[in-house]
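These are the residues of each chain, in order.
Number of protein chains: 2
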Amino acid sequence: MEIIFFTTNKNKVKELKDMAAAESKNIRIEHLEYDYPELQLEEIEAVAKESAKYINEKIAIKKPFFIEDSGLFIHALNGFPGPFSAYVFNKIGNEGILKLMADKKGEERKVTFKTVVAFCESVKTAPHLFVGSTEGKIAGEVRGEGGFGYDPIFEFEGAGKTFAEMSSEEKNAVSHRGRAFRKLLNYIS
Amino acid sequence: MEIIFFTTNKNKVKELKDMAAAESKNIRIEHLEYDYPELQLEEIEAVAKESAKYINEKIAIKKPFFIEDSGLFIHALNGFPGPFSAYVFNKIGNEGILKLMADKKGEERKVTFKTVVAFCESVKTAPHLFVGSTEGKIAGEVRGEGGFGYDPIFEFEGAGKTFAEMSSEEKNAVSHRGRAFRKLLNYIS
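In the order they appear, the protein sequences are chains A and B. Reading the first sequence from the start, the letters are residues 15 to 203 in this note's numbering. Reading the second sequence from the start, the letters are residues 15 to 203 in this note's numbering.
The hints are simulated quantities; they were obtained by calculation from the structure and are not laboratory data. What you were told as hints is all true, and nothing was included just to trick you.
Copies of one chain are not kept apart here, so a pair can be met inside one copy or by any two copies together.
Below, a list of computed lysine-lysine pairs in the DSSO-like style, where the Cα atoms sit at most 30 Å apart:
hint, residue 1, residue 2
1, K105, K26
2, K124, K105
3, K124, K113
4, K113, K175
5, K76, K31
6, K72, K138
Quantities reported herein were computed from a predicted structural model and do not represent experimental measurements.
Bound conformation, chain A alone (with noise of 0.2 Å):
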């Protein structure tokens, strides 16, 4: 089976191409950059369903396709950054983030990374949405070399690693955009 993946970040190609080998799914991704538009919206499940109804009607793409939204949710900004979780990134960084929580401890550094995968069958079918979250807190400062993103302020629940700290492979086992992309992989498989 081919499916399109539409997306800009060739960060997030290479996680669910590692992901599709290693489950040894017989599926091919092919890749297209394209900058669709996405809504302001506080719910990235419904950001993402827009956004691959809006290409399903515009671009009538003749194969299966899917997209992919994240965010990073932290319990004491009242979820922020969420659904802008890119654009904030782009910002003022993991070093902005560090700055907001630098005066919260213990429980209040409690964070959920959650990814959103709408998947079209065809034109004309709805968008099927499969979700992936995982539970960490805010690190007290930016450590390893691995992942993107906020990937190197994310410490794993219990893992005491943030998703920087850790491989490929031990990352997606546990990540939110593993546990979204599995489901996808395990539906059309």
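Start from chain A and add chain B according to the hints.
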């Protein structure tokens, strides 16, 4: 002339009605509380334009209408929070912005406040944009009781006062929203 202002922000309605009265224009502003969709885009001009087009297409209201989008662009934070100013304010507030700016001094505290009004004369016309902006610095602390949103941390250039320390008249005379809105009033009257 009667025009419709689509917004969910009552503070903005009050400001605009005050200004229309102050300018003695024969314009009746009707407020419709409608939470139209906004796209995630870097430029508020584009956000406002697309939202106005959406209202025009989906609602096809038979009267002239306008919407307004404003953003706080902090130079040292690469324009953050920009088009997501309302969301960021709801999540981290002025306190969050002050934390992000704690190590910034002098010129590093420069900020632009900007408003875009997108006005549609009829369902057949493309949105006409009116832009207003004003320059200032992020204050060292929250000051003043007036205004709303980021007003208590926006110190107007040269005045030494935050927008929240000014009277409505003082603020409207120099504010981003005042400047954009007067352009609209002059255009339609």
